[in-house]
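S.K.: For reference, the chains in residue letters:
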Amino acid sequence: MSHILLAVIIGAGFGAVLDRIGATNPNVIGRMLSLTNLGLMKTILLAIGVGSVLMFGGQMLGLVDVGHMSVKAAYVGVFLGGLLLGTGWAVAGYCPGTGVAAAATGRKDAWFFIAGGLLGAAAYMVSYPVWKASGLLDDLAGGKVTLGTVPGSKFDGIFAVQGDILGIVLGLAFVVIAFVLPDCVVCQRKDTPRVTPAE
Amino acid sequence: MTLNWKIGGLALGLVFFLAVLLVKPIGVSTQFVILDGIVAQAVNPELVSQTDEGWTSTNAYLAKSKGKYAKSVANPMNYSFIFVGAMMLGAFLSALLRGGVGRAERTVPELWRANFGDGAGKRYAAAFAGGFVVLYGARLAGGCTSGHMMSGIMQTALSGYIFALGAFAAAIPVAIMMYRKEA
Numbered sequence: 001m002s003h004i005l006l007a008v009i010i011g012a013g014f015g016a017v018l019d020r021i022g023a024t025n026p027n028v029i030g031r032m033l034s035l036t037n038l039g040l041m042k043t044i045l046l047a048i049g050v051g052s053v054l055m056f057g058g059q060m061l062g063l064v065d066v067g068h069m070s071v072k073a074a075y076v077g078v079f080l081g082g083l084l085l086g087t088g089w090a091v092a093g094y095c096p097g098t099g100v101a102a103a104a105t106g107r108k109d110a111w112f113f114i115a116g117g118l119l120g121a122a123a124y125m126v127s128y129p130v131w132k133a134s135g136l137l138d139d140l141a142g143g144k145v146t147l148g149t150v151p152g153s154k155f156d157g158i159f160a161v162q163g164d165i166l167g168i169v170l171g172l173a174f175v176v177i178a179f180v181l182p183d184c185v186v187c188q189r190k191d192t193p194r195v196t197p198a199e
Numbered sequence: 001m002t003l004n005w006k007i008g009g010l011a012l013g014l015v016f017f018l019a020v021l022l023v024k025p026i027g028v029s030t031q032f033v034i035l036d037g038i039v040a041q042a043v044n045p046e047l048v049s050q051t052d053e054g055w056t057s058t059n060a061y062l063a064k065s066k067g068k069y070a071k072s073v074a075n076p077m078n079y080s081f082i083f084v085g086a087m088m089l090g091a092f093l094s095a096l097l098r099g100g101v102g103r104a105e106r107t108v109p110e111l112w113r114a115n116f117g118d119g120a121g122k123r124y125a126a127a128f129a130g131g132f133v134v135l136y137g138a139r140l141a142g143g144c145t146s147g148h149m150m151s152g153i154m155q156t157a158l159s160g161y162i163f164a165l166g167a168f169a170a171a172i173p174v175a176i177m178m179y180r181k182e183a
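Protein sequence lines correspond, in order, to chains P and U. Counting in my numbering, the first sequence runs from 1 upward without gaps. Counting in my numbering, the second sequence runs from 1 upward without gaps.
Just so you know, the hints here were simulated from the structure itself, not pulled from any lab data. Model, not experiment: these values are computed from the prediction. The reader is advised that the hints may include incorrect statements.
EDC-like, lysine to aspartate or glutamate: derived pairs with alpha carbons at most 20 Å apart [claimed, not checked]:
{"no.": "1", "chain 1": "U", "residue 1": "K71", "chain 2": "U", "residue 2": "E46"}
{"no.": "2", "chain 1": "P", "residue 1": "K108", "chain 2": "U", "residue 2": "E53"}
{"no.": "3", "chain 1": "P", "residue 1": "K154", "chain 2": "P", "residue 2": "D139"}
{"no.": "4", "chain 1": "U", "residue 1": "K6", "chain 2": "P", "residue 2": "D183"}
{"no.": "5", "chain 1": "U", "residue 1": "K66", "chain 2": "P", "residue 2": "D139"}
{"no.": "6", "chain 1": "U", "residue 1": "K24", "chain 2": "U", "residue 2": "E46"}
{"no.": "7", "chain 1": "P", "residue 1": "K108", "chain 2": "U", "residue 2": "E105"}
{"no.": "8", "chain 1": "U", "residue 1": "K64", "chain 2": "P", "residue 2": "D139"}
Beyond 10 Å from chain U on every Cβ pair, some chain P residues (computed) [said to hold, decoys possible]:
{"no.": "9", "residue": "I4"}
{"no.": "10", "residue": "G88"}
{"no.": "11", "residue": "A103"}
{"no.": "12", "residue": "D138"}
{"no.": "13", "residue": "G152"}
{"no.": "14", "residue": "V176"}
{"no.": "15", "residue": "V180"}
{"no.": "16", "residue": "P182"}
Quick reminder that beta carbons are idealized off the backbone N, C-alpha and C, glycines included.
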């Protein structure tokens, strides 16, 4: 029961934050992916950094249960699936989490995204045996692995580095990247003031 | 309207931290499969069944990993499924408090309108097709932007980096080609 309550609190918090950072807005996603406004990218990088530092720091202090970590397997399909997701993300301006959140904010196109998503997920459920047989779902580099070896975790590390320290270092690196990343890469459109040509 | 990236990033990072502190890392895309399973189970009650060791399904995908998806289909009142419902509630309240989304914007977002016109049918078709590809890809990858990119990279998971590389390698060129006109 307490898990259900936590699902409601953390889920509602996540949905509200996604809305407030602009992630439920396909215009913001489109501008981020076309590199004209990287504000949301900076938000995401900072969030990864903050989450990482707090989690690994908490683990080192014994305040965070290492057993709560859940690492997904690495396989060729992860990259292929990423390519597909990236394509649809750019077209629709939604990913699974932001799509459901956007639908709740009243965006009608997001409901069509969800409907397409349910059909796409069903198509994968049906075609799963083909992927499984192809070998593209077979573990790569040990499968469920982290970059360093995290003390007390059930996941192996790729490099012989203490995983929690590496996690904090990488977390801080993400924070730094968030700060140094420019506001835009392709800036000649709206963000820069237009220069009036001299007569 | 949109939070400054420093405040927004801090808030988003705290949510991801709280999730892993109290329960487990955030993930969303699996729940599309669970909802499909719940609907399919209502049509075909034989889809998911209980065994001596747990749960299984006539669908190989629901039956994989010792039937963990089959179990969630049989018990929709589980953490991850409720989580997605709560996300919608949180986003709804947040949007309500900031005055909601404008009427035209609700149908066709302005960036889309600037590049492809204000036809609703075209936008709905693109959103539907995009959704299909996104969820097919997410299930092939075993996670989405939340589970792989955010939760995964935060935990220094190799899979999270591989996923992000693939996602941006496709998303950035497609977006640059599609959204040439700024709204």
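S.K.: A separate judgement is required for each hint: does it hold in the structure or not?
M.R.: Right, here's what the structure says about each hint:
no. : hint            : result
1   : U/K71 - U/E46   : holds (14 Å)
2   : P/K108 - U/E53  : violated (43 Å)
3   : P/K154 - P/D139 : holds (16 Å)
4   : U/K6 - P/D183   : holds (13 Å)
5   : U/K66 - P/D139  : holds (18 Å)
6   : U/K24 - U/E46   : violated (31 Å)
7   : P/K108 - U/E105 : holds (9 Å)
8   : U/K64 - P/D139  : holds (15 Å)
9   : I4              : violated (6 Å)
10  : G88             : violated (3 Å)
11  : A103            : violated (7 Å)
12  : D138            : holds (13 Å)
13  : G152            : holds (13 Å)
14  : V176            : holds (13 Å)
15  : V180            : holds (13 Å)
16  : P182            : holds (12 Å)
In summary, the structure is inconsistent with hints 2, 6, 9, 10, 11 from the numbered list given earlier, while agreeing with the others.
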